[in-house]
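Just so you know, the sequences run in chain order A and B. According to this note's numbering, the first sequence is numbered sequentially starting from 1. According to this note's numbering, the second sequence is numbered sequentially starting from 116.
Quick caveat, the hints were computed from the structure, so don't treat them as lab data. By construction, the Cβ of each residue, glycine as well, lies at the ideal position given by its N, Cα and C atoms. Some hints could be false.
Non-contacting residues of chain B with respect to chain A, defined by C-beta distances greater than 12 Å in every case (computed) [claimed, not checked]:
{"no.": "1", "residue": "Ile133"}
{"no.": "2", "residue": "Asn137"}
{"no.": "3", "residue": "Ser184"}
{"no.": "4", "residue": "Ile228"}
Each pair of labels, with its calculated beta carbon distance range [stated by the list, open to error]:
{"no.": "5", "chain 1": "A", "residue 1": "Gln81", "chain 2": "B", "residue 2": "Ser127", "range": "40 to 48 Å"}
{"no.": "6", "chain 1": "B", "residue 1": "Glu157", "chain 2": "A", "residue 2": "Pro96", "range": "20 to 28 Å"}
{"no.": "7", "chain 1": "A", "residue 1": "Arg20", "chain 2": "B", "residue 2": "Ile133", "range": "39 to 47 Å"}
{"no.": "8", "chain 1": "B", "residue 1": "Ser127", "chain 2": "A", "residue 2": "Glu52", "range": "42 to 50 Å"}
Think about it this way: if two alpha-carbon atoms lie no more than 27 Å apart in a straight line, the pair counts; the simulated DSSO-like pairs of lysine-lysine are [claimed, not checked]:
{"no.": "9", "chain 1": "A", "residue 1": "Lys62", "chain 2": "B", "residue 2": "Lys216"}
{"no.": "10", "chain 1": "B", "residue 1": "Lys183", "chain 2": "A", "residue 2": "Lys44"}
{"no.": "11", "chain 1": "A", "residue 1": "Lys51", "chain 2": "B", "residue 2": "Lys216"}
{"no.": "12", "chain 1": "B", "residue 1": "Lys186", "chain 2": "B", "residue 2": "Lys216"}
{"no.": "13", "chain 1": "B", "residue 1": "Lys216", "chain 2": "A", "residue 2": "Lys44"}
{"no.": "14", "chain 1": "A", "residue 1": "Lys44", "chain 2": "A", "residue 2": "Lys62"}
{"no.": "15", "chain 1": "A", "residue 1": "Lys51", "chain 2": "A", "residue 2": "Lys71"}
{"no.": "16", "chain 1": "B", "residue 1": "Lys120", "chain 2": "B", "residue 2": "Lys169"}
{"no.": "17", "chain 1": "A", "residue 1": "Lys44", "chain 2": "B", "residue 2": "Lys186"}
{"no.": "18", "chain 1": "A", "residue 1": "Lys27", "chain 2": "B", "residue 2": "Lys216"}
{"no.": "19", "chain 1": "B", "residue 1": "Lys120", "chain 2": "A", "residue 2": "Lys62"}
{"no.": "20", "chain 1": "A", "residue 1": "Lys71", "chain 2": "B", "residue 2": "Lys216"}
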Amino acid sequence: NAGVMQNPRHLVRRRGQEARLRCSPMKGHSHVYWYRQLPEEGLKFMVYLQKENIIDESGMPKERFSAEFPKEGPSILRIQQVVRGDSAAYFCASSPPPKERNEQFFGPGTRLTVL
Amino acid sequence: DQQVKQNSPSLSVQEGRISILNCDYTNSMFDYFLWYKKYPAEGPTFLISISSIKDKNEDGRFTVFLNKSAKHLSLHIVPSQPGDSAVYFCAARYFSGGYQKVTFGIGTKLQVIP
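With the hints as extra help, turn the sequences into a complete structure.
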């Protein structure tokens with residue numbers, strides 16, 4: 001029973017390039033959450049998606065960032081024209097359909113380094 | 116606006132003693148509280164949780180206490196073991212309209228000294 005998968009684990013990009021981070025939720029989980037952890041900071045919520053729907057993107061920067069969770073395939077967090085300040089660990093979590101008291105299960109994260 | 120606060124960035128405890136990690140929150144809409152543990156280069160893993168209708172939940176060496184009037188919760192680990200050395204995140208959840216939103220604190224780094 002595989003857990004949440006994220007790839008790549010490490011990603012290096014030069015300023016101005018695009019970064020694509022992938023997340024495959026646990027089997028049976030239809031809800032995906034993306035978080036960002038900047039150095040010396042906690043986990044900051046970015047976006048919450050259900051299959052083919054963005055439920056809450058209140059934590060997403062207004063520009064350059066987008067997320068999707070298509071009917072088939074993994075969830076993708078896309079960062080266009082990366083800048084040095086985007087360097088961080090990006091974590092994906094998944095959960096079953098909402099019932100009360102369900103915790104989120106996290107992937108190992110993708111560490112993005114922008115040169 | 117930091118709705119979940121962990122004011123101690125780090126804590127050192129001797130092996131065998133009690134570790135107490137604290138967390139404060141401001142949003143009275145939170146109905147469920149969770150603690151996650153994170154090792155370096157790994158994702159957070161769920162540790163223990165408590166509903167807002169309870170004031171204590173225990174699981175082995177881990178106990179979480181909730182004081183709703185003070186908007187404060189704490190995680191007790193006893194006895195502490197070197198393998199408990201990790202970053203501990205406090206998280207709070209509210210559940211509305213069929214969806215949940217979880218807010219995390221910035222974490223407390225626990226070091227258990229052998």
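Quiz item: Any hints this thing doesn't respect? Which numbers, in order?
Solution: none
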